[in-house]
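S.K.: Just so you know, the sequences run in chain order A and B. Heads up, our numbering is the position in the first sequence plus 104, with the first residue counted as 1. Heads up, our numbering is the position in the second sequence plus 13, with the first residue counted as 1.
These aren't lab readings, by the way, just hints derived from the structure by calculation. Yeah, the Cβ is synthetic: ideal placement off N, Cα and C, and Gly gets one too. Possibly wrong hints are sitting among the right ones.
[What the hints assert, rightly or not] Okay, the calculated beta carbon distance ranges per label pair:
(1) A:109 with B:24: 28 to 38 Å
(2) A:209 with B:23: 32 to 42 Å
(3) B:125 with A:173: 27 to 37 Å
(4) A:156 with B:92: 44 to 54 Å
(5) B:39 with A:187: 23 to 33 Å
[Claimed, not checked] In silico DSSO-like links for lysine-lysine, alpha-carbon gap of 30 Å or less:
(6) B:84 with A:161
(7) A:117 with B:51
(8) B:118 with A:161
(9) B:81 with A:161
(10) A:175 with B:81
(11) B:51 with A:161
(12) A:122 with A:157
(13) B:51 with A:107
(14) B:81 with A:117
(15) A:174 with A:117
(16) B:69 with A:159
(17) A:161 with B:18
(18) A:161 with A:107
(19) A:107 with A:122
(20) B:118 with A:159
(21) B:51 with A:174
Below are the chains, spelled out letter by letter.
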Amino acid sequence: DVKVTQSSRYLVKRTGEKVFLECVQDMDHENMFWYRQDPGLGLRLIYFSYDVKMKEKGDIPEGYSVSREKKERFSLILESASTNQTSMYLCASRLSAPYEQYFGPGTRLTVT
Amino acid sequence: DQQVKQNSPSLSVQEGRISILNCDYTNSMFDYFLWYKKYPAEGPTFLISISSIKDKNEDGRFTVFLNKSAKHLSLHIVPSQPGDSAVYFCAASSGGGADGLTFGKGTHLIIQP
Chain A
105 DVKVTQSSRY LVKRTGEKVF LECVQDMDHE NMFWYRQDPG LGLRLIYFSY
155 DVKMKEKGDI PEGYSVSREK KERFSLILES ASTNQTSMYL CASRLSAPYE
205 QYFGPGTRLT VT
Chain B
14 DQQVKQNSPS LSVQEGRISI LNCDYTNSMF DYFLWYKKYP AEGPTFLISI
64 SSIKDKNEDG RFTVFLNKSA KHLSLHIVPS QPGDSAVYFC AASSGGGADG
114 LTFGKGTHLI IQP
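Next up, chain A with everything else stripped away, as it sits in the complex:
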């Protein structure tokens, strides 16, 4: 069974703080993804990574960066959190194309 875990289920941060969201998968998947989900907007792709040290911008990368130093771990970084980054953040991994992506449980981030 594929397992994708995210470091926190709920997180509250202040405006301007640097925020790290961690994602770990245990199936040796090559590709990893970060999405955010907002009411009425569905899921939107922030960044993804085909392999270690590689990263690609998704549809809404502004205000975010990522890090993939090890194959199993993909971090999303909010350099200076803002209230419009309050959202549900979902990490996913995939063996390679065209296989399906497996999602973690999500992190509900609130920025006050």
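Dock chain B against chain A, hints included.
M.R.: Just chain B, lined up with the frame of chain A:
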């Protein structure tokens, strides 16, 4: 510009009947399509996928139909069960599925007893 559209925010179906969820897309480069199911406070769970070289894919109670000329796909659930009540997301990808997914806004399916 929304490239994947699910025009029904919610759908109510009686238990045992067929549930049909619809999805339209505008990007002709999309060649791989997926359906995900999501319960509150959980991540989406993969249900079924279809490549653009096919027009139908079946897995148990779930069947996905793809009409490329109309840029339309649908998910059929037969028979519908109470546990099927969830939000369903249609997603699409290009490059044989190599890229990240573009999601629709979701349809909340409610199965009535």
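S.K.: A separate judgement is required for each hint: does it hold in the structure or not?
M.R.: Hints, verified against the model:
no., hint, verdict
1, A:109 with B:24: 28 to 38 Å, "32 Å, holds"
2, A:209 with B:23: 32 to 42 Å, "24 Å, violated"
3, B:125 with A:173: 27 to 37 Å, "49 Å, violated"
4, A:156 with B:92: 44 to 54 Å, "45 Å, holds"
5, B:39 with A:187: 23 to 33 Å, "31 Å, holds"
6, B:84 with A:161, "26 Å, holds"
7, A:117 with B:51, "26 Å, holds"
8, B:118 with A:161, "21 Å, holds"
9, B:81 with A:161, "28 Å, holds"
10, A:175 with B:81, "36 Å, violated"
11, B:51 with A:161, "25 Å, holds"
12, A:122 with A:157, "21 Å, holds"
13, B:51 with A:107, "16 Å, holds"
14, B:81 with A:117, "45 Å, violated"
15, A:174 with A:117, "26 Å, holds"
16, B:69 with A:159, "34 Å, violated"
17, A:161 with B:18, "22 Å, holds"
18, A:161 with A:107, "24 Å, holds"
19, A:107 with A:122, "27 Å, holds"
20, B:118 with A:159, "25 Å, holds"
21, B:51 with A:174, "29 Å, holds"
In summary, the structure is inconsistent with hints 2, 3, 10, 14 and 16 from the numbered list given earlier, while agreeing with the others.
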